[in-house]
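**Student:** Line by line, the protein sequences give chains A and B.
The first sequence begins at 1 in this note's numbering and counts up one residue at a time.
The second sequence begins at 1 in this note's numbering and counts up one residue at a time.
No lab work stands behind these hints, which were simulated from the structure alone.
Quantities reported herein were computed from a predicted structural model and do not represent experimental measurements.
From the three backbone atoms N, C-alpha and C, an ideal C-beta is built for every residue, glycine too.
Do not rely on the hints blindly, as some may be mistaken.
Distance condition first, Cα-Cα at most 27 Å in a straight line; then the derived DSS-like pairs of lysine-lysine [unchecked claim]: (1) Lys-8(B) <-> Lys-45(A); (2) Lys-18(B) <-> Lys-52(B); (3) Lys-32(B) <-> Lys-37(A).
A few chain A residues facing chain B, derived, Cβ under 10 Å [what the hints assert, rightly or not]: (4) Gly-27; (5) Tyr-28; (6) Lys-45; (7) Thr-48; (8) Leu-49; (9) Pro-51; (10) Arg-55; (11) Gln-73.
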Amino acid sequence: MNYGRELLKGSTDSLLLCLINNQPLYGYQIIKELGEKSNGYFQFKEGTLYPALHRLEKTGLIKGKWQKLPSGQERRYYYITEKGQKALNERLAVWRGFAEAVNLIMLPTM
Amino acid sequence: MNYLDSLKNYLRLDFTVKDEFVREIRGHLEDKIRELREDGMSEEEANATAIKFLGSPRILAQQIYEVYSQGSWQETLFAVLPHFLTASLFALRWWSNPLWLGLIVAGVIATVIYGWCHGKPTWLFSWLGYLLIPVVAAGVMLLYLPGDWAWVAALFYVPLAIFILVLVARQILKIDWLFVSLMMIPIPIVLGWVMVLSTSDIFLGSERVHEAASWIAFSFALLALSVATFIRVRQRWLKAGALLVCATMVLAVMALISNNALSLWAWLLLSLLALSHLFVPALLERGMRGKVTPDS
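Chain A extracted, bound-state conformation (with noise of 0.2 Å):
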């Protein structure tokens, strides 16, 4: 497997949730939102997304929730819940960790 898709697959539960803390997103928005922030670095597999979200949805992390667009449309937005919020805080700690260590071994000049 692809080194960079093994780092993503690992980190994918994170990102959505970072992503969703910082607003409540429906599934084609959190897509492109995680394109546009990376500078397209992490283009998702569209097919990949709902069942990772509905994962996180299951375990109580998010919550999915009908809202209709200015258009009339209807879509599933997702919110953090509480449980989600301490899942996160207690992921960007270890990822800081782990990312330090990382960097000290791995570009040690940085």
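Please arrange chain B on chain A, whose structure you already have, making use of the hints.
**Tutor:** Frame of chain A; chain B shown alone:
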């Protein structure tokens, strides 16, 4: 949209979750197609590209199934309860006590009605199987009528029993054929025990049942264990495997204690019944869903 029909066809979820998910994907496709149209694509091209980005409906359905297919420990407890109650009935030699029997039958009826009216949760199908046993058992009892009456009764009763079973199974097949298998699995086990125990011309409530009670209890405890595995694993092939292993092991137990009492034909019939509780629902579902075009 053909893609959404295919997705709906492949999804084996509770109706509410299924409809919500299809609605969500419909919204996604609408947004994607709109964006592609704004980029200058024709409607046909935009449709095809949006579907391509979303991937195969079969894989999407499988991934979403694995999100919802694992039951909680609470659901597992509810699902194994009727099998443990039946096992206890024999382990504690309570099968001939009308009070316990009555309480359990009333409990099964009440639980099935509650589950059927509250969204048909997975645990319901374990209980539903026990409610259908009297339908099958009554047919077996008819074979013990004197003279030609047995054949006359069987002629009328068997189609009626099959009609009732198919009617219930058709409702559940709309959700998932594995639930029909989960519901049906006690039937070959009960029939098997009736056949094994009745070969010595002694029927339920007799000394023979008393002798075999521990083994009967053991077979229902095995069933409970398999059902717990069925509820907890995520993959469909593991769920089907759990039921198949259970049926095989129970048949082995019956063979062990029957001392060659059953003929080869009787064993063939039992093995066929044990296998058919898996394959018949799968084939029926295939027939029901086959009308919708696959991957498009």
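**Student:** When the structure is checked against the list of hints, which entries are broken? Sort them ascending.
**Tutor:** Result: no hint breaks.
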